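K.L.:
Order-wise, the sequence lines are chains A and B.
Just so you know, the first sequence maps onto residues 1 to 104 in this note's numbering.
Just so you know, the second sequence maps onto residues 105 to 562 in this note's numbering.
Derived from the structure by calculation, the hints contain no laboratory data.
Bear in mind that the values here come from a model prediction, so they are computed numbers and not experimental data.
A hint or two may mislead.
As the list claims (entries may be wrong) - Residues from chain A shown here face chain B by an in silico Cβ test under 7 angstroms; the list is partial:
id, residue
1, 21
2, 73
3, 102
The C-beta atom is built at its ideal place from N, Cα and C for all residues, glycine as well.
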Amino acid sequence: MPQPASPGCGVEPRGPYAAVFVHGCDRPGIVAGIAGVLARVGVNILDISQTVLRGVFSMAMIVDLGGARVGLEELRSMLEEEARRLGVEVSVYSLDVLRYMQRP
Amino acid sequence: MRPIYGLGEIREVVEMIRHRSLDVRSVTLALDARGCASGGPSEAASCVEALVEEHGRRLREAVERVKGELGVPVTTVRIALTPVEHLAAAAPEGRRAEAVVEAARAADRAAERAGVDYVGGWGLHAEAAVGPAAAAVAEALPTVLSETRRVMGFFSVGSTLHGLSFDATRLYVETLLRSVEEASSPLPGAKLVAVVNPAPDIPFLPAAHHGPGMPPAVLHVAISGPGAVAAALEGLPRGASVEQLYESLKRVGFKAARLGQLVLDRVAAETGYAAGAVDLSLAPTPEPGDSIAAVLEAMGARFGAPGSVAALALLVDALKKGGGMAVCCHGGYSGAMIPVMEDSGIAKAVAEGLATMYKLIAMTGVCSTGLDMAPVPGDTPPETLTGLALDTLALGVAQGKLLGVRLVPVPGAEPGDVVELGGLLGKAPVMDPGPAAPGGFTGRRGRMPPPLRRLLAS
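Full structure from sequences and hints, please.
P.N.:
What follows is the structure, given as structure tokens:
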């Protein structure tokens, strides 16, 4: 689970949390496009890891929907629309799915 | 900041759910319907209708919310009621079958309105003898199964405590054949099962019902993930040992079962219903690759070829070990489903002559589920169908294990003709039922007494 913020620093993680996974052919603007959608609706990125292997782009994010103006379902459809524009695939799951399956 | 979850861990979950068809096959709400038994058949039917509609709506809404919040697919929503024998027993003599039919029509209507995919409980217990209420349910079932779309039934024909009833097994076959005749379609075969040792917490239909001693409203979950299991094995190095296979199966079995537990916990929290069991069974779908046969292939075996019973035994035991740790309470069948029509890989093995009737029955000795969705010619003699059912169910009684038989007689079909029921029910070539059984044995009245195992256990 995310750690509490240091005094006077950052936004306190509140949850609910989600995992965002993006996968597809690499091109400029994928991180910006996805992060832009998140920023527009007030979703905070807590963790991000990204690789490109033989031209295939993969990115996983843990995000906090605590201050978001949309719920997980609406966020998913917005990200799917952006992913279509970018020609990549996006999957969005509640962090509980990761917690149950990977860190019981 | 250290990553909370690694890219690989997140990728694995996405791969299992999105690309390899890991999902929740069913959220099943088992409801105590005994309160509906008072009054005449019409009052009972109205009571059942109200019960299914009220709880069905609550369940459907909660499942939709949970699906959206988690991002996890849930394929069907089901309700399982107390076996309708109690309605038949409470109805005036001469109107018992009518009470069962009326209640089924009412449940069917209510389920459709509430968005419930199937309703179970049109079943009977006749492990040692067919009582008058059970006989009335059997009399009503051909009408129930041919007239309704969502109602399903079961015959409990034996157990390790009771033995195995020949009378009840024959009655299952007679009822099945009458139902197919009345519907002029093989479809009723998919909606009726004969079982032994029925668990009180089965999420899979047609056997699901509200079992004795359970909370009045309790949720059970079924998972579906052969594709994800096959994928986990594909990642193993060539020449991996049996122990390595087993370890991979345990790990993926654990993860699949955890997803079932998560959905169970969330739907229980949303609805206030008790959280019951997760059935650890791997349930295939007709989707290519989401197949038990594909799992066996990933293990290096071939469904129906020599080695495949051992492969299935290894698979089922590993999944039980992994899955058993992952859930609060395992329930239902908790094995590997081998439904001929619903598994495209098994259907292919039938077409290739690899999966024959008695190979499937041999597999029921280790798969913990039964002879399932096996299409046979509609003119197969009842003695032969009874013999196939008895052979399978005797294994369940002898092993102290829940096993089922779901035969699908196809009117006018010959072995090799392809029958298709659509959707999750899939398609397969009609199987050769094998040599005709002499009626002398299967036609005997009575039951096989409980096996020695019962003495050893108590």
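K.L.:
Of the hints given before, which are not true for this structure?
P.N.:
none
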